[in-house]
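Work out the full structure: start from the sequences and follow the hints.
Residue numbers (the numbering used here): 1 to 167.
By construction, these hints were calculated from the structure, which means they are not laboratory data. Misleading hints may appear alongside valid ones.
Label pairs and their in silico Cβ distance ranges [what the hints assert, rightly or not]:
#1 111 with 44: 15 to 23 Å
#2 125 with 20: 35 to 43 Å
#3 24 with 128: 30 to 38 Å
#4 12 with 137: 36 to 44 Å
#5 128 with 11: 20 to 28 Å
All values reported here derive from a predicted model rather than from experimental measurement. Quick reminder that beta carbons are idealized off the backbone N, C-alpha and C, glycines included.
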Amino acid sequence: MSMIGQFARVTPTEFDRALDDPEWAYKLVVGRMEAEAGRPAEPAAARCLDVDKAWDALGFLLRRAAFPVEIVYGEEDVPAADDWGYGPPRYLTAERVRVAAEALAEISGADLTAGVGPEDLALAAVYPSIVWERGESLDYVREHYDALRPFFRAAADQGDAVLVWLG
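Printed below as a string of structure tokens:
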């Protein structure tokens, strides 16, 4: 089974309820994911986004770039949340989403991966290591990064918080 990086935008009202009732939040997110699976939206219009197995490479590259927000793993735990796949969800407040969106706008996918090759990801044991050991291109990571940028911009513009988890 693969570990998939997941993101869900939630309104301020939904965010408050999610912190108080993570089971409700899980049902909300699963419903949205199912609805969007039938008709995938552009990242700016999506309420949910997955970055497939690129999450760990994105985290590695963003840390390397001294990114100011921990978007891949979230910054805070959702209190009393059960496991949503590979652990409980975490979140970014609307303010941190805004900071992330501004920082994402400053770094292109090409800039993020400049000077890094698959051998660097393999050496750092970035998941899924077998992909990097085979020398796969970082185009896959750039594509997912390029989807995160409009997703976070839209979330910031709407004042949304973001829930983050590995599913």
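How the hints compare with the structure:
Between residue 111 and residue 44 the C-beta distance comes to about 20 Å, which sits within the given range of 15 to 23 Å. A hinted range of 35 to 43 Å holds for the C-beta pair residue 125 and residue 20, which are about 37 Å apart. Separated by about 32 Å at the C-beta atoms, residue 24 and residue 128 satisfy the suggested range of 30 to 38 Å. Range check, residue 12 to residue 137: about 39 Å between beta-carbon atoms, so the 36 to 44 Å window is met.
Taking 20 to 28 Å as the suggested C-beta distance range, the pair residue 128 and residue 11 does not conform, at roughly 34 Å.
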